[in-house]
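> Chain by chain, the residues:
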Amino acid sequence: MRFIQTTVIAAVMLAAAGISHATVTVPSPSDPAGYVARLLINEAAFPGERGFVSEADSKAAMLQVLWVLESRLHHIPTGYRQREIAMVETTDIITVITGDGGRKQVEGFSRNTFGKPVTAPRVEERLQRLLSLANRGTPGRFARLIEYGVALATEQRRGQLSEADRFEHLTRIGAGAVTGRAYSWMTDRDYYNPGGSYVRIPDENEGSLAGNRFFTLKTRDKKKETTK
Amino acid sequence: MKRLLPLCALTIAFATHTTFAASSLDDLGGEPFAREVVRHLYRWYLDEADVDAQTDKTELPVWVRDVKPKLDDGDNSRFAEILFPSLGVSVSLKKTDYRIEELNLEVKSRGYRIINVARVKPPASADAYAVTRMSLPALREHLFTTRNQREYPDAALATRLRAAVKAELGDRAIAPINGEHICHVGPLSSVSNELWVYWENARTLVRFSSDLDLSNPATWTQERLTVKTYDVDKQAVLSFNEAPGSNAFLTRHQIGRVLYNCIVLGQRQTLAPSAPPKP
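Chains as they are written, first to last, in our numbering: chain A, 32 to 259; chain B, 83 to 361.
With the rest of the complex left out, here is chain A (with noise of 0.2 Å):
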């Protein structure tokens, strides 16, 4: 019986001793979840960067950006066009991602001159710098946010998000109107304007995660617009 529990205990801690040691990896960037994955991963601030404030925001920050190409794809309000809304008229995230001609969407992420979806050598240069962190020692908060990163861009491929879009039923900030959910983000620009008819979420509505500020859309006439 002793035998048996010291077997049971000694596979319980290699097990454990394996799992704490596994390695924390990201699909490559020609899979279209690795490239999902490498922008959620790259707009979250992790500790020791400017924005950082805990795991939590960090990752809600992560979900909140993907919602919002989620919503330049699926969501485009009433009276506005996805073109308006997301420089582009697509079905694919990655092209939502890239923008297409000169209008990039996000800085580091773009398409070479074979349309091919890339990432500036800084993003990867992070990136491999996150994953060593992450894959040193127990893992810790790099690894954690990195797999959820990961877990997020494959939900998104499979089709289902399975956590909810914080914005998705905002309906007036301050005396406006608004749309609900977000359709844009800025890094450390808080200052500015993003343009269009965007509309900053206040930090009371949650607006700041992870060094980001999420940016919704003002309403408008249903009668004299169409939508996409």
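Which residues of chain A face chain B? A partial, calculated answer using Cβ under 10 Å:
1. A117
2. G139
3. D221
4. R231
5. S239
6. N243
Just so you know, these hints were derived from the structure itself, not from any lab.
Beta carbons: idealized from backbone N, C-alpha and C, even for Gly.
Given chain A, work out where chain B should sit, using these hints.
Positioned in the frame of chain A, the structure of chain B alone reads:
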């Protein structure tokens, strides 16, 4: 009951010590700190219209409040907001105090640092804030006399900075000018962990930012985590309306501000070109 009173007093004293309430400007560093914050705004954010709007006023109201986001276990960082209602400018501040296990690093700033500046509509009431007033004539005098004051990286920081710039941009095939690369390093701020560099050859702005004090050598052990670059040719627009919702651009106004700080107020430095790769 008698035994309870000292315990209550002790509890209250402890609570006062541990709640980290930044209930007044004094908790952040007093008026000298506020003056430095305004000087940072003056240099990086404010325009003539902001100054002109204060012409007939004698006081600048300063509203201060503690901000308490939910933090990770063991994170003792403090957050606060300074709101200048007459300017409609809100400054978010953080005094960092946590540990990064993966780096075996204590992340601790010596004081509150600016982490964000926003244009806001001030709340109707100052109830949630501690209110102070700064003398505007004295503040104007301070801003005028210090408008060209420059603090540059010391030798150790300059060395780390040069290495970081080189590492960041080294993979680009940028031709040297007269055999060298020219960088203009913007002045440091005592209230912000942000530093801009304009690399003239590459026509690129480089922004270093961190949760750690830039003067802390540990910051530069992870410089790859804290760098952003902006190509002033490709990433400039007159207005964000040209690419609404995109975060890949800076306005010409923003770029002009950074260039003024880097070239006019900054320090010119040269870097030797990297050795060509071995065949």
